[in-house]
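So the sequence shown is numbered by the UniProt record's numbering: it starts at 1 and just counts up by one.
Don't take each hint at face value.
Restraint ranges, calculated between C-beta atoms of paired labels, are given here [to be verified]:
(1) Ala119 - Asp9: 33 to 39 angstroms
(2) Arg118 - Asn42: 32 to 38 angstroms
(3) Val46 - Leu115: 33 to 39 angstroms
(4) Leu116 - Lys96: 40 to 46 angstroms
Since the hints were made in silico from the structure, they are not lab data.
Everything numeric in this text was worked out from a predicted model, so none of it was measured.
Even glycine gets a Cβ: it sits at the ideal position worked out from N, Cα and C.
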Amino acid sequence: MSDLVLSVDVAAPAGTTWLALTDWARQGEWMLGTQVRVIEGNGRSVGSKLAAFTGFGGIGFTDTMEITTWEPPLRCTVRHLGSLVQGTGVFQVLSKGAGHCTFVWAEHLKLPFGLLGRAGWPLARPAFALGVRHSLRQFARFAENYSMGEQ
Numbered sequence: 001m002s003d004l005v006l007s008v009d010v011a012a013p014a015g016t017t018w019l020a021l022t023d024w025a026r027q028g029e030w031m032l033g034t035q036v037r038v039i040e041g042n043g044r045s046v047g048s049k050l051a052a053f054t055g056f057g058g059i060g061f062t063d064t065m066e067i068t069t070w071e072p073p074l075r076c077t078v079r080h081l082g083s084l085v086q087g088t089g090v091f092q093v094l095s096k097g098a099g100h101c102t103f104v105w106a107e108h109l110k111l112p113f114g115l116l117g118r119a120g121w122p123l124a125r126p127a128f129a130l131g132v133r134h135s136l137r138q139f140a141r142f143a144e145n146y147s148m149g150e151q
């Protein structure tokens with residue numbers, strides 16, 4: 001397993017940040033190269049399934065996930081179900097007072113491609129982390145300006 005844990009401070013209340021985070025259909029507005037949709041359930045309960053396509057120009061892969069923990073407005077845990085991406089992801093919102101919070105994104109991944117994947121992770125990890133950091137900065141701006149129903 002390989003872990004990646006990154007966070008960003010958000011100048012918005014924890015409740016608003018949670019709503020922005022779990023607005024799955026709009027994640028493409030802040031998550032680099034990714035579109036998310038609910039494929040089973042309501043997307044707001046344990047057992048709901050999500051499909052996240054990551055790529056550019058139609059070339060990429062779909063990461064299917066199942067929500068395994070749903071604790072609004074604090075934590076959502078997903079289990080990655082795909083053949084390429086396996087492990088767990090944790091999205092956590094930590095309140096820092098009335099108008100501020102920290103969003104923590106943690107991935108605990110089983111690397112694909114066996115020994116080759118484990119050997120390549122030290123090379124791929126910095127680029128992956130760079131993309132996630134960019135997405136987290138975008139997310140902070142998204143959450144700070146979030147209102148439900150905007151498209």
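Which constraints among the numbered hints does this structure fail? Numbers only, ascending. none
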